[in-house]
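Student: Sequence:
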Amino acid sequence: MSEQQSETERNKAVVQRFIEEVQNQKDWAVFDELNAPDFVNLSAPPGMPADLEGGKMFLAAFVNAFPDSHVTIDDMIAEGDRVATKKTMTGTHTGEFNGIAPTGKRVEIQFVDILRLRDGQIIEHWLSMDQLSFMQQLGVIPS
Numbered sequence: 093m094s095e096q097q098s099e100t101e102r103n104k105a106v107v108q109r110f111i112e113e114v115q116n117q118k119d120w121a122v123f124d125e126l127n128a129p130d131f132v133n134l135s136a137p138p139g140m141p142a143d144l145e146g147g148k149m150f151l152a153a154f155v156n157a158f159p160d161s162h163v164t165i166d167d168m169i170a171e172g173d174r175v176a177t178k179k180t181m182t183g184t185h186t187g188e189f190n191g192i193a194p195t196g197k198r199v200e201i202q203f204v205d206i207l208r209l210r211d212g213q214i215i216e217h218w219l220s221m222d223q224l225s226f227m228q229q230l231g232v233i234p235s
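Using my numbering, the letters of the sequence shown correspond one by one to residues 93 to 235.
In case anyone wonders, no lab produced these hints; they're calculated from the structure.
Computed from a prediction, not measured in an experiment: that's the story for all the values here.
A virtual CB, placed ideally from N, CA and C, is assigned to each residue, including glycine.
Treat the hints with caution; some may be incorrect.
Quick list of in silico lysine-lysine cross-link-like pairs, DSSO-like style, CA-CA up to 30 angstroms [to be verified]: (1) Lys179 to Lys118; (2) Lys197 to Lys178; (3) Lys148 to Lys179; (4) Lys148 to Lys178; (5) Lys104 to Lys148.
FRET-style restraints, in silico, Cβ to Cβ [stated by the list, open to error]: (6) Asp222 to Met168: 13 to 23 angstroms; (7) Pro137 to Lys178: 18 to 28 angstroms; (8) Glu188 to Asn116: 18 to 28 angstroms; (9) Arg102 to Pro234: 15 to 25 angstroms; (10) Arg102 to Gln223: 25 to 35 angstroms; (11) Ala193 to Asp130: 31 to 41 angstroms; (12) Ile233 to Asp166: 33 to 43 angstroms; (13) Glu171 to Ile192: 35 to 45 angstroms; (14) Leu219 to Glu112: 13 to 23 angstroms; (15) Lys118 to Lys178: 19 to 29 angstroms.
Model the full structure from these sequences, guided by the hints.
Tutor: This is the structure:
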């Protein structure tokens, strides 16, 4: 295995661990371990800091709104210092999210993350998700 292949495999393992232990098990100590101090969220929502604390705040707000959320990796592609995942998140909306009162509705959201890693830590994050379907499932906008 070449050095680049082993770096790619290590990076994939970091991302898999983040999804399982942080997104699914809600282990905030692992969030701190796997994200670099100079982490940047390049998809931070308006009004949310794009740094490490802002990334944690965004994820915590999501977890508080969907405490039973579970993320499944549908596909993972990696090359060098970047890992891309296509994922499905399911969860029940039982807490306020972005000003939307709890609806009690179960949602299934498709999204893609692109992460850049350095020395076994995530340093950059991009997110693209199906916002239209998400808002329709919550009943915020008509189907």
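Student: All hints, please: hold or fail.
Tutor: To see whether the hints hold, each was checked on the structure:
1. Lys179 to Lys118: holds (17 angstroms)
2. Lys197 to Lys178: Holds. Lys197 to Lys178 sits at ~23 angstroms (cutoff 30 angstroms).
3. Lys148 to Lys179: The hint holds at about 19 angstroms.
4. Lys148 to Lys178: holds (21 angstroms)
5. Lys104 to Lys148: holds (21 angstroms)
6. Asp222 to Met168: 13 to 23 angstroms: holds (19 angstroms)
7. Pro137 to Lys178: 18 to 28 angstroms: Given range 18 to 28 angstroms: holds, Cβ gap about 21 angstroms.
8. Glu188 to Asn116: 18 to 28 angstroms: For Asn116 against Glu188, whose Cβ atoms are near 22 angstroms apart, the range 18 to 28 angstroms holds.
9. Arg102 to Pro234: 15 to 25 angstroms: violated (45 angstroms)
10. Arg102 to Gln223: 25 to 35 angstroms: For Gln223 against Arg102, whose Cβ atoms are near 32 angstroms apart, the range 25 to 35 angstroms holds.
11. Ala193 to Asp130: 31 to 41 angstroms: holds (36 angstroms)
12. Ile233 to Asp166: 33 to 43 angstroms: Given range 33 to 43 angstroms: violated, Cβ gap about 25 angstroms.
13. Glu171 to Ile192: 35 to 45 angstroms: Distance hint for Glu171, Ile192 holds at roughly 37 angstroms.
14. Leu219 to Glu112: 13 to 23 angstroms: Given range 13 to 23 angstroms: holds, Cβ gap about 18 angstroms.
15. Lys118 to Lys178: 19 to 29 angstroms: holds (22 angstroms)
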